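Colleague: Here is what each chain is made of, one letter per residue.
2 protein chains.
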Amino acid sequence: MKTISILGSTGSIGRQALDVIATYHGDLQLGFLTTNTNAELLAEQVERYKPYGVALCAPEAYQRFRQISSFDGPVLCGKEGIRAAAAWEGNDIVLSALVGFAGVEPTLAAIERGITVALANKEALVVAGELVMAKARHHNVPLLAVDSEHSAILQCTVGEHPDSIERVVLTASGGPFRNLPLEALEQVTPEQALRHPTWNMGAKITIDSATLMNKGFEVIEAYWLFGLSPEQISVLIHPQSIVHSFVEFTDGSVKAQLGVPDMRLPIHYALTYPSRRPTALPRIQWEQLSRLEFEPPDTTRFPCLKLALDALHEGKSAPVVLNAANEVAVEAFIQRRIRFSDIPAVIAGTLDAIPSVALTSLEIVIDVDRHARHKAIALVSHLQQRR
Amino acid sequence: MKTISILGSTGSIGRQALDVIATYHGDLQLGFLTTNTNAELLAEQVERYKPYGVALCAPEAYQRFRQISSFDGPVLCGKEGIRAAAAWEGNDIVLSALVGFAGVEPTLAAIERGITVALANKEALVVAGELVMAKARHHNVPLLAVDSEHSAILQCTVGEHPDSIERVVLTASGGPFRNLPLEALEQVTPEQALRHPTWNMGAKITIDSATLMNKGFEVIEAYWLFGLSPEQISVLIHPQSIVHSFVEFTDGSVKAQLGVPDMRLPIHYALTYPSRRPTALPRIQWEQLSRLEFEPPDTTRFPCLKLALDALHEGKSAPVVLNAANEVAVEAFIQRRIRFSDIPAVIAGTLDAIPSVALTSLEIVIDVDRHARHKAIALVSHLQQRR
Numbered sequence: 172m173k174t175i176s177i178l179g180s181t182g183s184i185g186r187q188a189l190d191v192i193a194t195y196h197g198d199l200q201l202g203f204l205t206t207n208t209n210a211e212l213l214a215e216q217v218e219r220y221k222p223y224g225v226a227l228c229a230p231e232a233y234q235r236f237r238q239i240s241s242f243d244g245p246v247l248c249g250k251e252g253i254r255a256a257a258a259w260e261g262n263d264i265v266l267s268a269l270v271g272f273a274g275v276e277p278t279l280a281a282i283e284r285g286i287t288v289a290l291a292n293k294e295a296l297v298v299a300g301e302l303v304m305a306k307a308r309h310h311n312v313p314l315l316a317v318d319s320e321h322s323a324i325l326q327c328t329v330g331e332h333p334d335s336i337e338r339v340v341l342t343a344s345g346g347p348f349r350n351l352p353l354e355a356l357e358q359v360t361p362e363q364a365l366r367h368p369t370w371n372m373g374a375k376i377t378i379d380s381a382t383l384m385n386k387g388f389e390v391i392e393a394y395w396l397f398g399l400s401p402e403q404i405s406v407l408i409h410p411q412s413i414v415h416s417f418v419e420f421t422d423g424s425v426k427a428q429l430g431v432p433d434m435r436l437p438i439h440y441a442l443t444y445p446s447r448r449p450t451a452l453p454r455i456q457w458e459q460l461s462r463l464e465f466e467p468p469d470t471t472r473f474p475c476l477k478l479a480l481d482a483l484h485e486g487k488s489a490p491v492v493l494n495a496a497n498e499v500a501v502e503a504f505i506q507r508r509i510r511f512s513d514i515p516a517v518i519a520g521t522l523d524a525i526p527s528v529a530l531t532s533l534e535i536v537i538d539v540d541r542h543a544r545h546k547a548i549a550l551v552s553h554l555q556q557r558r
Numbered sequence: 172m173k174t175i176s177i178l179g180s181t182g183s184i185g186r187q188a189l190d191v192i193a194t195y196h197g198d199l200q201l202g203f204l205t206t207n208t209n210a211e212l213l214a215e216q217v218e219r220y221k222p223y224g225v226a227l228c229a230p231e232a233y234q235r236f237r238q239i240s241s242f243d244g245p246v247l248c249g250k251e252g253i254r255a256a257a258a259w260e261g262n263d264i265v266l267s268a269l270v271g272f273a274g275v276e277p278t279l280a281a282i283e284r285g286i287t288v289a290l291a292n293k294e295a296l297v298v299a300g301e302l303v304m305a306k307a308r309h310h311n312v313p314l315l316a317v318d319s320e321h322s323a324i325l326q327c328t329v330g331e332h333p334d335s336i337e338r339v340v341l342t343a344s345g346g347p348f349r350n351l352p353l354e355a356l357e358q359v360t361p362e363q364a365l366r367h368p369t370w371n372m373g374a375k376i377t378i379d380s381a382t383l384m385n386k387g388f389e390v391i392e393a394y395w396l397f398g399l400s401p402e403q404i405s406v407l408i409h410p411q412s413i414v415h416s417f418v419e420f421t422d423g424s425v426k427a428q429l430g431v432p433d434m435r436l437p438i439h440y441a442l443t444y445p446s447r448r449p450t451a452l453p454r455i456q457w458e459q460l461s462r463l464e465f466e467p468p469d470t471t472r473f474p475c476l477k478l479a480l481d482a483l484h485e486g487k488s489a490p491v492v493l494n495a496a497n498e499v500a501v502e503a504f505i506q507r508r509i510r511f512s513d514i515p516a517v518i519a520g521t522l523d524a525i526p527s528v529a530l531t532s533l534e535i536v537i538d539v540d541r542h543a544r545h546k547a548i549a550l551v552s553h554l555q556q557r558r
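Protein chains in written order, with our numbering: chain A, 172 to 558; chain B, 172 to 558.
FYI, nobody ran anything at the bench for these hints, they're computed from the structure.
Remember, it's a predicted structure, so these values are computed and weren't measured experimentally.
Just so you have them, the derived chain B footprint on chain A, three or more residues with Cβ under 8 angstroms:
| # | region |
| --- | --- |
| 1 | 410-421 |
| 2 | 435-441 |
| 3 | 444-455 |
| 4 | 461-473 |
Glycine residues also receive a C-beta, built at the ideal position from the N, C-alpha and C atoms.
So that you can see chain A by itself, here it is in the shape it has in the complex (with noise of 0.2 angstroms):
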């Protein structure tokens, strides 16, 4: 019996992962639950899979939680709360399903009580890569991959060696706006942003693959936890979503991993990693599978991807300001303060306005991101204004 945490229990991904343990994992007890100020589902979810302990990162939440549960488990509160959560001793496993620069500090340490953790915050390599990744190794840490894509690479290179991958392809469903013209893409919604083809998840990463910018942070990601050089990433668009990514090795053979699109399948894999277990998630249907496709991206109606793969190349502190600059620009589209246009403006301005600096330490990482933050915010006022 081992004991698994889920931070972020009430996002899309922590629902899903708590699905796919009850159904398929009968050996895996709940450690913490957490929610950033989700009480109700929290609530909900606590009768329902009878977890060790939770944890509510908002105070008001906490306090909410208290009320509507009867919960006589270890309730914490807090960023604190979180952070406890992630470090417990009782955790053999972290699944790390938080949204945003606040899963770095728990993904952190997990990572530090030498918990292997199972990584569906992006984040946590996109603004701290050289430190999680300098922790998981010091502490011998698996870090191991819930994203569709990386989960496609960690599947097709199991039983290689490292050295014998040439390059990686991710691909990219293309979002709702794929075929939109560049005109068009100033005047999109929320709403419309909101409505993926493909793949259903949460609204920040949902915007994000509206811009293309998820698939930045994914290539950010696959840098980290490959071990591979920029040059060795690339994207390509593929709209059917079935193939997940490929991976070309030395002798000029490849490997894709295909699957319907769902997230329970990467994050099943994860946990039964490097083994597989049977289960009834759905199949591919070959008689449906009649045509795949795959097209480069286009960089200039999404100038999100290009931005994130020059801050990956110009490494230091650029992805630390390009997160900060692309969470602060998201949030003011949602609230209809920006265009869907202006998001790539207001993240080139900050990341233009913000010197790059070596990232030595936790804390110069969150310096740079409440600097960043600032600085984004600023350029949404100004582009507010001027409208």
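Guided by the hints, dock chain B onto chain A, whose structure is given.
Modeller: Same frame as chain A, but now just chain B:
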């Protein structure tokens, strides 16, 4: 330094193997090279690649070789010579690239000497799968697939537990007549059938690709090589010949292996399995990978595939009859004695006429093979007289 002998070095696979070995395998030296009749090319290969010895099956070819070559190593003759080359004690690996039933005995001879076999000869498994696999297990001899489809399955299953395979899907180009209506198939000529759209192969296998019998043989091979049930193996037509096969796992995940249609890739992989070694072999051009298509095979227009699947289901000696009748029918088609659409008719008639028996020894296999050929030859004569 390891030693490899190539049975059938003057054929398509043999020539490509010599190219691959000379270019990428400085740690392999050549034992025997063998040919059926092509003394001229064998003499050239001896000059260029400096093997330890040679064997020629046809006595005329042996005489001719003696006249034109001053080679001073061992020169063996006849079926016995080919078998001796296969079982030579200096061999570490034997690449069995003979065409047709002639490949069965030498393959068994190598296995009995405990020599690793890279298997490009389909018939050894199609007609004697049970005997070959039993002997390989008994002598603990690895059988390495050289077919692109079986190499794909091998590549997709490295690092995976055999029990986690749910099923495999072999891809087929569909051959030159993929879109030809049933009526037009009657009139196709050997020249048309020999013009394969994607693969550059020998004559027999090219005709087998045009009838889809080749894919039927590969299903039977996969059945033996990977210990699957017939229900776990299916076929999809994939005109681009880029995806060489799929493996679906019990968790719902699917892996595929891709590559340009070039046999040097799977030949090279068989020689480096389970690791890889860098090559300058042609790469997939990702920019050109715009569309991959898959469709179920049409067994009304291509009944040979169904005949093969039925023979696998029936088991016992049915695949021996299938193979013998097919060899006779394909030869008769190449000689313009029967039509393209007569090939499945000859095979079906032979299968109906020969009762199924258990294959308890190679002698029984040889006996059934002979009977089936006689029957198939009689059916070919009958068809000719009716025209």
